[in-house]
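So the sequence lines, in the order shown, correspond to chains F, L and U. All residue numbers for the first sequence refer to the working numbering, where the first residue is -5 and numbers rise by one. All residue numbers for the second sequence refer to the working numbering, where the first residue is 527 and numbers rise by one. All residue numbers for the third sequence refer to the working numbering, where the first residue is 4 and numbers rise by one.
It cannot be assumed that every hint is accurate.
Here are the simulated lysine to aspartate or glutamate pairs, EDC-like style, with alpha carbons at most 16 Å apart [stated by the list, open to error]: (1) 693(L) with 49(U); (2) 663(L) with 768(L); (3) 57(U) with 938(L); (4) 174(U) with 799(L); (5) 59(F) with 858(L); (6) 59(F) with 957(L); (7) 713(L) with 999(L); (8) 55(F) with 938(L); (9) 663(L) with 722(L); (10) 763(L) with 170(U); (11) 693(L) with 44(U); (12) 55(F) with 858(L); (13) 602(L) with 49(U).
Simulated from the structure, these hints should not be mistaken for laboratory data. Here the structure is a predicted model, which is why all the values come from computation and not from measurement.
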Amino acid sequence: MRKSKSATLISKQYRRKGFLIEVWLRLRTNRGAVFGLAVLALFILIMVYTFIFMTPADVSKIDSKSRYLPPSSAHPFGTDDMGRDLFVRVLYGTRYSLAIAFGAVGIGAVIGTFFGSIAGYYGGWTDQIIMRITDVLHSLPGILLGMVIVTILGAGLQTLMIAIGFTVISGFVRMARASVLSVKTSEFVESARAIGMSEFRIVFSQVLPNSISPLIVTFTARMATSVLAAAGLSFLGFGVPVPLPEWGALISAGRNYLTTAPHLTLFPGIFIMLMAFSCALLGDGLRDALDPKLNK
Amino acid sequence: MKKAKIALCIIFCVVLVMSALVGCGKAEPEDTTQTATPPPASSTPTASPPPAPTQPPPPPEDVKYKEDIVVTLGDKVAVIDIFNPAFQSSQAALVTNMIYDNLVYCTMDTTYEPELATSWETDDYKTFTFKLRDDVKFHNGEPFTADDVAFTIDKARESVGTMINDKFSQIEKYEIVNDYEIILTLKQANVDFIYDISYPTYPIVNREAYENDPDKGAWVGTGPWIVTDFSSNDYIKFVRNDNYFKELPKAKTFTMKYVAEETARMIMFENDELDFTGVSSDKVDIYRNDDRFILNSYVMNNTNFVAFNMNDPLLSDINFRLACAHAFNNQECVDITLNGYGVAAPTYWGYRTQYKNTDLQPYTYDLELAKEYLAKTSYNGEPIEVICAMPHTIKNAQVFQSQMALIGINIEIFETDGATLSANTMWGNTDAQIVVNSGAWSGLANSIRNYVYPNNNANKANYSNPEVSALLDQASVETDEAKREQLYKQVQAIVHEELPYLPIFNMELFIGGQAGTGGILFFANNNHDYSLAYRIID
Amino acid sequence: MIRYTINRILWLIPILICVSFIIFGLLELAPGSIIDTMITEEMTTEDIEILKEKYGMDKPMIYRYGLYMWNLLHGDLGTSQVTGLPIFEMYMSRWPNTLMLSLSSLVVGVLIAIPLGIFAAKYAGTIWDNLTTGFTMLGLSMPAFWLGLLLLIWFAYRIRIFPAGYDGTWKCFVMPVIANGFSMSATITRQTRSAILEVNRKDYLRTARAKGVPERQVTRKHVLANAWIPIITQIGLMTAMTLAGSAVIEAVYSWPGVGYMLVDAISRRDVTMACGTVILTATLYVLILLVVDIIYAVVDPRIRAQYTSGKRKRRTA
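Make a model of the complete structure from these sequences and hints.
Okay, structure coming up:
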């Protein structure tokens, strides 16, 4: 075993490429994960489409003559209280959810992983302080933090991303620290030290790649919860400014018309569910694919 | 894993079907909203707007009345204490009308009736002599005397930062002649003083109550209802004051509660869990033809407006404001925001406020003219920020945005909450450019002061014109009514021409009640009197 | 063990101080202050200055924070700037409602989730397992408020069996509990299933079966006993989260709980109230996690040994 490990250290490049292909092959057999991936890809395509073919004006065009129309061929999802076509608005809103899913979680992942790795690697007081700060972040209710940040910085997509990003940091810190701790004492690092690699390079070239798999799993799990959290914040009124059609905001706008025009809350909700569902499925699939020991 | 795929598909179908069942198959009364064209706006004929609310007929005598009445509040009530600034909200008057009385009762806009005072007289609007009733007791058993009036005045003058402090500070001194007569002398003459003290949130409270129980003593008044239970931000429960000196309510217990979710509120109303509730203009058409409910409506005196910040270099250019005025179609706001239930305001004035200048013409809707004016300004397509906070104003801002886009003005909406709006639009601010908000108007013409006099927080346009200020100062001490009317009409003409405010509309508000209900006194400034509300059950 | 508990409780203090500082600071940074929610139409700038003085807004933030901390260290959470009532009492008067809702949701969720998880693990790989997975996925991806709204329409409006608002009887519990409990049970089911599957792979199970231990005993003594820990962790986390009060569910069902109190405090910029609520919530959170840790120690002698032998193994997850 020892021999193969040092061998893999040298042929790291080759191993990594082979590893990825292996993962992909395993992932492909998981129908659920493929479904999730396909849906996410579809959403990305939709977002690109709206970038090319839609302008913000299309989305907020007010038409006082066609308010509250139920779904029909002219308006597949019906119209809202200002006569705006809901289908166009929901499609346009894809970008916000994707931005949150990838961007906000990305921010949290980068910051969290960085600090978690440092905490795990150096230990001692650094570790204590970072972990206590994480505890503090963790005990702040996510909604509260989100609300306050949005109140201070003003409603907007960037603000929402920062707010959600903050709430996912603590998960990544814990994950990174655990990964680093488990790898720290392994032979990879010993051999690297023996060769004379600098500490910095050790952390970033040896330790991190081995924590990729829990990172990916945490990332996708957080994607799902972030989409829901963003929708929740928008629902409470602390999201993107009006009239931007973020899905949670659409549900909030439609909640007063539940008895008369339920389609206003129905369709955005279905889309949120689809997105969270796909992220979760993909996450599960990736977790199974990345862990060769787990058999179904 | 084929099975997984099948399983997932089954579950998704189940969810979609369930949701679709919720979505389709609406109940019958809603069929009217499914047509492509919304109900014509003339279902409430805007040509002849709804008449002013009148005194309800006295309730019949020989029927059975419901003992417990439940109504919803429009907003949360955090405290009950007229001297606490946190009590100042749109719902304060609803509560004070139940528990307290004033010296004078304002019946409709500007007519007054004796309440705790039997009579009042003045020669110069500076010294007022009040004769008080001698048969009134507070809820704690203490008799009502001139000493309580004195206590109220003193405590009001101590409570800095409240409106009651503002109003009662104009009283320079009071003189207690005997237990049932008191003379008030103001610092300077004020023709509207009786209106000020008749305002429902400045009632008379009891000295002993406050001194014995600092917390709950604030709930003690002379009114027809006694507070039995109060849960901050949730509900207030009352029981009838059987020793009330005026007409006794028909019900025995009363509950006022706050339900946050509008859908829940409508469902409760339809399930007969509420006797009265506010109905939003979107739902009016559903209940209008339903025999189970009665819809009471009135047009609110408050006027929604678009304010231009006169401190902003671009907006202080009259051409820009003229361009906006000619491109703005406020009737569309009525149709969209209010579902047609409202009156487009021709000028910025309260709906039934006195001395309205009806000679002034509203600005015509003329896009070409608007573009001409816009060309004269230095506007280059840069985004202009509109700040707004309440649900209706947010909708108005969106309509404004789409209309201004037609002449090439690029509007960005900054939607925020009440506190931020207030902080960003303080007098003298140079940040906010355009503010879309709602302006409170009483029946008195001097309400205009709030909006055009410098140094007033409600003056969101940062408007300051020495000529207008001089006219207003003159009017507040002018005792000749005809002359006063002239002065106010002049002010309106100047303000209309200078256009710091674009008027939008006056909302028509609806209070829905179950069949057999009645007895609410509606006031156009929203300070309704629910104390005599009843419901006949058979 | 005792030392560990005391150590954890002591760490609570600096955490609370940090949390309160952050909240206080953030709310002060937010535009507007409590005064802005009290201003009426007719006030002039002088009136506003007077109001500011009354609420101490004219003094610098550090001064106000210092005053607040001074009171806090004496055990006084202060009074709400809006109502003037002591925050602790206001919180406690509403907390039982949140507690009842959280506990009911938790009980219902756990009662459904654990048997379901065991069932799914037992039939892993079959159609039943996939159906369960689908169900849990649904629970995880459905926004709670959306479900809440759908339930409201369906059960309070179409079929009128449950009341739309809070009326104090058991009926008004059903819909919020379902809305809350659905996602909770989904997470716990997944956790149970994966924990049991994880344990199932362990060698000692094979040994036990090879030895001839009856299946039921295997399940009871070995599978469940070992799977317990991650399940309890998850339940503990969920308890802590729901006890913080779900502002969104409370908004939809007009539930008089503490979740919405916080949202309200933020909109009104009632700094003392917001701080107080967060401090109380954070304290509860930490205490619950501590209880979970103690339960670990009670249930699992291996963990107990770690604590009592003086070597503290920090939880890494």
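Hint check:
Restraint check for residue 693(L) and residue 49(U): the C-alpha separation of about 14 Å stays at or below 16 Å, so the hint holds. For the suggested pair residue 663(L) and residue 768(L), the alpha carbons sit about 11 Å apart, so the restraint of at most 16 Å is met. Distance restraint check for residue 57(U) and residue 938(L): the Cα-Cα separation of roughly 36 Å exceeds the 16 Å cut-off, and the hinted pair is therefore not satisfied. Restraint check: the Cα-Cα separation between residue 174(U) and residue 799(L) comes to about 14 Å, which is no more than 16 Å; the hinted pair holds.
For the proposed pair residue 59(F) and residue 858(L), the alpha carbon gap of about 10 Å is at most 16 Å, so the pair holds. Taken as a hint, the residue 59(F) and residue 957(L) pair is broken in the structure, with Cα atoms around 36 Å apart against an allowance of 16 Å. A hinted pair counts as satisfied when its Cα atoms are at most 16 Å apart, and residue 713(L) with residue 999(L) qualifies at roughly 15 Å. For the given pair, residue 55(F) sits about 14 Å from residue 938(L) by alpha-carbon distance, which is consistent with the 16 Å threshold.
Taking the CA atoms of residue 663(L) and residue 722(L), the gap is near 24 Å; set against the 16 Å cutoff, the hint is violated. For the suggested pair residue 763(L) and residue 170(U), the alpha carbons sit about 14 Å apart, so the restraint of at most 16 Å is met. As the CA atoms of residue 693(L) and residue 44(U) are separated by approximately 13 Å, the hinted pair is consistent with the 16 Å bound. Taking the CA atoms of residue 55(F) and residue 858(L), the gap is about 13 Å. The hint holds against a cut of 16 Å.
Of the pairs offered as hints, the one joining residue 602(L) and residue 49(U) is violated, with about 27 Å between alpha carbons and a cut-off of 16 Å exceeded.
Of the numbered hints given earlier, the model fails hints 3, 6, 9, 13; all others are met.
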